Every structure is written in C-alpha cells, then in structure tokens.
Amino acid sequence: MSTQSTSTNITLDYVKTIGIVNNGFNGRGFANPYDIVVDPDGRIFVLNRCDPARASAIRIGICTLDDEYVGEFGKGNGTGDGQFVWPVAMALDSQNRIFITDEHSHRITSYTTSGEYLSHWGNPGDSDGELNGPAGIAVDSSGDLFVVDQHNARVQKFTPDGKFITNWGSFGNAPGQFNLPWGIAVDSDDNVYVADWRNDRIQKFSTDGSFLGTFGSPGDGEGQFRRPTSVAVDPEGFIYVADWGNERVQVLSPDGDFQILLQGAATMSKWGEDYLSSNPEEKSEREISNLRPVLPEHLNTPYHISSQTEPNFWGPVSVSLDKQGRLYVTETNRHRFQVYQKH
Amino acid sequence: MRNNDTALMAHLLRRAGFGASRNELEEYIAMGYDGAVEALLNPSDPGNMPDDLIRRYHVEQSELRDLAGSAAYWMYRMISTSCPMEEKIALFWHGLFATGYAKLNQARSLLNQVDMFRRSGLGSFEDLLVELSKDPAMIVWLDNNENHGSAINENYGRELLELFSMGIGNYTEDDIKECSRAFTGWTLGNAEYMAVRAAKDSIWPYGRIAWHFDYRDEDHDAGEKTFLGETGKFNGEDIIAIIAKQESTARFVATRLFQFFAADEITEDGEKAIQEMIASYFSSGYQIRAMLRTLFHTDYFKSDEARFARVKGPVEMVVGAIRMSGNYQNPALGIEKVSDTMLYMGQGLLQPPTVEGWHEGSEWIDSGALVERVNFAARELSDVTSPGVRSIIDRLQAGADHGVLEPSDLADRCLDLLGPIEVSDETHSVLVQYANRHGSLDLNDHKPGDEAEQRVGNMLRLVAATREYQLA
Amino acid sequence: MTSNKRDKSLIVIQLSGGNDYLNTVVPYADGKYYDSRSKVNIPQNRVIPIDDQFGFNPSMGPVKSLWDEGKVAIVNGIGYENPNRSHFRSMDIWHTAEPNAIGKEGWLARAIRDIDPLGENVLTGINFGRGLPRALACPGVSVASVGDLETYGLFPDVQDEELRMFTLEAFSRMYGNVAGRDPIMDLMGRTGQDALQGADILRTAPGMYSSSVEYAPNSLAQNVKSISQVFHANLGARVLYTQHGPFDTHSGELATHAKLWDEVAGAIGCLMDDLKEHGTEEDATILVFSEFGRRIKDNGSGSDHGSGGVAFMIGGAVNGGMYGEYPSLSEAEQIEGDLRANNDFRSVYTEILEDWLELDAPSIVNGQFEKLGILQS
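Chains as they are written, first to last, in the numbering used here: chain U, 1 to 343; chain E, 1001 to 1472; chain P, 2001 to 2377.
Calculated directly from the structure, the hints in this document are not laboratory data.
Incorrect hints may appear among the rest.
[What the hints assert, rightly or not] As a list, the in silico SDA-like pairs of lysine to any residue whose alpha-carbon atoms are at most 25 Å apart:
1) U:Lys283 / E:Lys1200
2) P:Lys2259 / U:Arg54
3) U:Lys283 / P:Asp2157
4) P:Lys2039 / E:Pro1352
5) E:Lys1177 / E:Ala1195
6) E:Lys1177 / E:Phe1213
7) E:Lys1337 / P:Ala2258
8) E:Lys1200 / P:Pro2246
9) P:Lys2039 / P:Gly2061
10) U:Lys283 / U:Glu297
11) U:Lys16 / U:Gly325
12) P:Lys2039 / E:Lys1245
13) E:Lys1337 / U:Gly80
14) P:Lys2259 / U:Gly325
15) P:Lys2259 / E:Phe1213
16) P:Lys2276 / P:Glu2069
17) U:Lys270 / U:Asp255
18) E:Lys1245 / E:Ser1202
Computed from a prediction, not measured in an experiment: that's the story for all the values here.
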C-alpha cells in the first residue's frame, strides 16, 4: 500500500498514526474523536464525542506528535457551564481560545488552550443569531467566527463573544443553499468553504456570503463525494475534504480539480504497541493475520470494508491542518488520527 | 366487527408487521387483502431512517463497539421501516437461530447476520441454512471456527440438526458427527485472531474488527460421510441439501413459522394450516415466502380463532407502541434506553439468553414483565405531543358529532383507532366508566396539550393498559 | 438484631449456561486434571487451596473466606441420572425437579404455593432480574420479577396523583375479573392484580434499608443488593431468586469464567457481610447452582457441555464442608467423557424444603431423596 500520494502539484506522505481506544473515563487514548485543532506550539487538541455510556467523560484530550499524552480537560456531560451533550467541532483563534460547538445544546463554548473554561453563548431558534444544531466552526483573519447552523441550513458569522454579524443560506440544493451542512473552513483570503453534507459538495463563498463556486458531486469517483463532513484549506489554497461517506479523504486544487485520494494507511501507534506488548497472545495472532482481507459481495461497501480493514479510514469525520503543512485526519470509529505531510 | 376489512387487515399487520396506525391501515386496505399480502411478502424499498443520519448523530451506532447502541440501531430500523415484514422475518430468524452478543463481542457482525435474514429470510430455507452456516457470527457462536478436520467440534453440527432444522429424534449421534465433519473448514477470516479478540472482549488498539466468512479447504475433512442414510464426500452444502428435503425439516419450519406468525397454541385447525404450509414448503422449493403466503390465505388465519391468538413479544410491544405514537422518527438522544426496555420485558435484541432463543407465548407474561409492558405502552400512547396521538385526536374530532364525543364513543373510537382492539364486556364497561368521569368530550378548538387533548391521552393510556392490548 | 424469630428465606443465585465444575473446585493434585485440561486449567500455584487435594478458582476469594468461617457447603458431583447436555432441557430439569418427564411446575413455585396456599402474600417469592425462571413459574402462583426495585410499579410517569389513583383503580377493575374465559386472559388478570398489590409494598424496601456494605456496579451485585433490601424489609419474602451468566464457556473460557466468578463471589461476599451487619446470617441460606458442569477434556479454548457439576450452599446456618465424593476423572468412571454425578440434586432440594422452609418435600420434588446434612443442626 503506497504511503505517498501525489499529483503533479502536491504530494502527501503518510507520517504516522496516533491513538488507541479509551474505554474508560480518562487518560491516554480517545473516545470517538470528532475534531482536532493544533496550536502554534504543536499541541494537538482532540475533541472526544464519547458514546452515551461514557458521556460523563466528554473531554478534550491533548497530545503531541511524539505520542505524549499531555492531559485533558472538560466538565463532562450536561448543559452546565463548560459541559457538552453532542460536541461536534472546534476552532482555535490567535488568542489561544478554543471554541467548541454543541449541536444538542445549540451553543458555542470556549476554553483556553490550558483547559480553563471561559464562557458559552448561543440560544436555540431560527432568528438571526439563534442556532439550531451548530456543527462546523472556523475563525477568520479578524478573529470572527463562522458557524454552520445545520438545521437552519445556513452559515452565521459572530464575534468571538457571540454577537451576531451576518448570515446566509436556506434549505435546498441550489447555489447558496444547504442540506444539513457540517464542516466549514476559512482560507487565507477570508473566503469561506462549507462541507454541504447532504448535497455531497463543497461550496465556496466570500466573507459576506456571496456565492463563489461549488466543488464535487454525489458519487464515489475522483472528485466526487458522499456526505463530506469537513473541509480545510491550506495557505496555497488546496482544498482538503473529509469524504466521510466514502471513508476517504480527497484533495482538490484551488480551482477544484481533483488531486489526491487517500484511503488511509494506518500503522500501529505507539500506544497500540504498548498494549500489544503486554498482550502477547493477541500480538502474535495479529501478526499472522491479514488485516486487508478480500470481502464478499454483500460487504463490499466503504463502510463495511473499513469496519474490517484496519489501516483504512473509518469514520474520517474531520480534516485539520497545522502551520507546518501537516494534515490530520480524525477517525471517529478508530479512536485515532492519521498524520500526513504535504510537500 | 371481526369480519370487516379493517379488523382483518389490522390482524394481518399485527402478524406481518408490528400493528399499524389507522393511516397505514387505510393504505393497506386500499390494496385489498391479496394485494397487501403480496406487498408485505415482497419488501422493496424500506425507506427507513437513513444510515448517514443515524451515524452522524449516534457515533456509537456508527462504530457499534458495544451492545446498547447496536440494539438501538435495529430498533430504529424496525420503527421507521415501511416494509415491516422484512423486520418481522429478521426478528423471527433471530429468535430461531439465536446468536448472542455476549460470546461474540462483535455487534457489526451480529447486525450483518440480521441483514442476511432480511436478504434471505423469505427465500429458500435451504439457501438460508447455507448462508447461516457461512455467517461468521454463527460460526463463532457455535464454535465452528474450532471445528477442524483433525479435531471435530460438534457444537454447530448438533444445533443445526436439533434446533435449526429437524429437531431431536430425527437423527442419531452419528449423524451429528458426520454433519460436523462436513462443516470443517467453514470458518472466518483471521479466525484465530478474531477468536482471541472475542474471548478477551478486545477493543484494542483501534476498536472492533468485523468478520467475514472464509473457507479453509486444507482444514476440511473431505472424506466419505454417511448422513441420514446417504453416503458421499459431503461438504456443508450437501448436508444442508439432505436436511432440506426431510419431512421433519418441513414440519419444523412450518410449526415455528406458525407459532410466530399465527398463534402461540396449535389447535386442530391450526394443525391443518401447518399441513398446508408443509405442502407449500415442498411445492415451492422450500420457499418461506410461499409458506407464509399459504398461511396468510388459510381460513384458519382469517378466522376468529386466530384473532389475538398470540401474546406480543416485548419487541413487538415496544416497536408497535412507537410506530403508533410516531415518535423517534429522527435520531434522538437516549434511544438506547428505549431498547433497554425490551430487555427488561424479557427480550433483549441481539442477546437471546441461549442458543435456544426466547420462550414465547404466555411465558412473556409475569408480574415484572407485565408492569414494564403496561407502563411503556401507557406512557407512549398517552403522549399528546406525539404525531401518532395527534393524528388520533384529529380523527376523533373529525368523526365526532359536531366535534363532541359521548363517553362511550370516546372509548369505542380509541379502541378502534389503536387497533381495532376487541375487548371483553367487562373491560369495555370500565373504559366507558372512566370516560364518563368528565362527561362528553368537546374537541372543538382544542389546543395542543389542553384538557380536552389530555382526556384523549388518558383514555388511550387506559386502553394501552388493558389485557387485550397485550395480544397480537 | 434478631429480636423475633423470623421465617427462613432461601436466596438462589443461578449460574446460567453450565458452570465449569473442574475450574471452580479444582482437583489440583490430580495429574489427570492437567492431562485432560491441557489448555483450559487453573495452574497449581494459582488455585486457592481448600485442602491438599482441592482448591477454589482464584476469583473466588470471598467464598474462600466464608469457607474458612465454616459457612460454605460444597456439594460435589451434583446432577441426575441420564445427564442431558442441552441447556434448555437440563435447566428445565433443575427447575421442575423432573428428570424423566416434562415438568410444568417450578419447584420453588410449588414451594411458594405450599407456603402461601391462598396467595395472601404476593411477595412470598420474588425474582430479581428479567424473565421469570421456570423454577418460579406455576399457574396460579404469583411471583414478581423486579428489574429495578426503586421504580417498580404501574404508571409511574403520571404526575397527577389523583389521576394516577383513578387510573390504577380502573386497572384493578379491568384485571379483576378472572372469569375463566381463556387461560391467557386469566393469567394476565391474576398477574395484573398481583403486580398492583406487590408494587407499592416492594417500593418501600430501599427506603427502609440501611447498610455500610457497598455492592459492585455489575448487574448481579445490584440484584443481590435488591435481594438484601427486600429481605431486610421483612415483607414475608421467603424465596428470592436471581441469575448470572453466561457460563457457557465453549471458548475463551479462562478469562470469561474468571470475570464471572469475580462477580459472583463478590456479590456473595457483600451479601453475607450485609446479613452479618443486620444480624440475619442465620435467617437466610444461599443456594448457588448451574444446570450442568462441563466436559473433562477441554477443547483447546474452552470446554463443552458436561454433566455432573457443583453446587454451593452458603449461610450462617450451613454446616460447612464438602458433601459427596468429588467425581473421579479416571476413564472407567466417566460417563461419555463427563464427570459422573453422584448426588441427586433433589437431595439438596429436599434438604432445603424440609429443613429450611419446613415444607413437605416429596410432593414438590416428586420422590424421596436422602438429605446430606447440610442444614441439620
């Protein structure tokens, strides 16, 4: 399986996988991670959505590229200050504040990168500034926030403390319309990209919501998407898409031309190695197993293939970038993220 | 009342489905009985709650790491399908080929088995047994991955004959051995690694790894075997071909189908229906669909004797009440608690207590289960905010004389719209008396949640609490 | 403290699926054990020794402590003639005390009927958990199945107290006529009536209970805690039943079996501590049983259905010790590769019925069986 994916314009090298499932309530590992942000010091913040049985331990975990688990923060499950019910995505601003959306509580909560709770804002509704299922969130160059308001089929712009600025969008599949949108990104020109989830496309807008273009169509071919959940744009304008329904990640040129397709190439993480070395029976059986099996017809869909092909992405719900050209793919069903280096 | 179309169709839908709201019932009535039977037996597009929506919000139902989310996933399917027979037949086979989570620790594979029941459950019984023998969840459940040419493990071979087809008394211990030999090599991919993971309930490092069938020829005992008097170098499919043509197999399948789809107890007339089903089994080439078509068209099935002749299983109870209330049409927090209620009533999806499945019929009723059942249905159907109950309120108003219902009409119409449900005179008089407490009910200008609507909810609650409501 | 002489209660913990005798009471000094169980065995140095021949599974620490206090009776080689290796059938045999016919009445249901022939106390027998075991099932005998003691009852969601009362009253009338029209309707009628009667009383039990014992968060321990709450609420519950599993360890036995016994031993330990704290150790006896043991030879990963198994009786009134011979592992003595049972399970039932519940045993267990002396003073 090649670990280098390349087009004429861009190359992505697989670097490593970090993660292990954490079945408990704290400590090293992840519990259905849903998003990642990376701070200027290279600390990786991972949002754990958690299944209902572990919801009391909803938290943001922090680790480094060297597999050090630094710590975690959060105040657990609920609607009190700093708590979450269904957290979806994060954005990091230049003042080391992390903004986290909650699509069940209809609010945005902020923490410092040191784990201190700051505030929350947002009220349920469909008037300007009200939210119904905030999902993706991104910061622009002025520090303002763009929030995907999924059930209101729109994008809303706020100041960091939640003052409404503007919004656009309505339900549908025409340009400028949305259908349960999810992820959002802002490029270096302050253009806004939205992962228009159920329309199987990425839409691009100027900062005030003028429609600029659309990329992708429903399907599983190159440049096609099935339920894209997340989008990221690098300084050169390359567009990274979490093609969740196809269990893959795609990269498009700034003009929207297909460049690269990634299916995942996960190797054993450091934490995984630790586990296996204390479980030699599992380790030895694993070593003689074929982790890329050929599957029967009725299991020949991306979801099923990924459910038993461990190196593949499974539930790649988010793509994030750091300042050193690295791509982080968050896989919620595998409790890990894969890191790729752009050249 | 019994012989009218509505009551007959409601009866059919309680059996081939989970009951039906009046809206649903009217759609089927429009097809006519024969048309409805064909529509039910030939499920096409179930139009259920889409997987992408479920997985977006329920991360645990995307991953299926644990049991709770997995049972809830199937429940969503049963609640939202427009092909209820597909779910009923899957539930039937799930109870018969009872495969439990506790030993497997692999929910994705269990749900794949349920998918297989949907796909193949109405087709040829022979084909179904072959698929079952290749189903990795079944293979692990009955240890066929430990059944080697060099060391036979008889668990699957035994249960295939005892519990999944012919039944005790129709084969010998030697037949079991020969049968088991034929299934050597029928295993799953990465069998040893998967077995270790199942045994240890391992989720490390990256969560669960699902299963697929693998045939290991080198592990297969290819020698000559004598099974039920026939000799040959039988492999699994050959054994199943022999099993499928046995009278005892036909009787077994017909009886079990009858008890699930017709009545808990087999009367003389019921026995005649079973005989007709056995004939269909052979004349159709072992097709389950044909057997059920025969059953649904027997005089017995349409007769009084078969009405309300089954105790609803917990799954039917819960799913039926929810389909009536119309709740849970969208992914909702807390859904797994609802699927837990079925467990408390004695039937946990994906966790039959042993390979023998659940004891059905009157055994569903004991003090604890009855309390759970009544409480669940009562709560669900008294909820005036739910779409189904609002629809009932609208129908009550539309059918009332100038929007006003006399107490006995309120009772009768609620019984009708929740079924129609037949109740004894005594039950009926209690219901009327209950309605009488506040006299006639004026539904004109009713507002959401007002007293008039609450009165409807209270009546529905009491109907849901009747003994008769427990029956299908 | 025990001020009144209270009626004795039986607490049953059923191990569902066929508990592996050989790895529960381990014949660690017998070479044949290690020969037969080459993969699925308890190493000598991990066994908790009872004596120089036998020891407990390492997960059974709390049971060993009770053994040392003389409160544990081990009944060796328990079973019945012509062993049946089907879960369904064998458990039914244990539940109905009918090895040779299909019994329809549970032995404990019969006991409850004899204790309370007129059904005056619907809480005479209570099952803690889901699904009433056949042992407690008999037409005409009401036994509550309590999933969650704190919330047990009808229409708990109806806030308006007056409406709730009115609805309960209507329910009572609807379920009140048991006119013999139809067995299912009659069954439901009686069951509904009994549920009503029992519910309000049962729900008071947790409120009356106070204890320093902390039960583990697993389902068995929580059920056992409920048993303790109801037992100590003095509601006249004479038979309190629960179950745990799955013990059907065809593969991956060692880890599963260890975990299960950790839970069972833990729950028993807590319960005995609780009884001690309340001064009721002599008023309850615990029976632990399974429908069969498992095969002598392992299958490389686990063990298959066998016959002769082990049962325990635990309590302050128990004469601790080993009862009956540990079945021989030698080939000559085996039944088709299984341990030969040498104690009919109905002996234990007889002892419980006569010496503990003070009932006529032969009519309940369909015969006369010799007692072992576990409970005689």
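Mind listing which of the numbered hints don't hold for this structure, in increasing order?
Result: hints 3, 4, 7, 10, 12, 14, 15, 17, 18 break, sorted rising.
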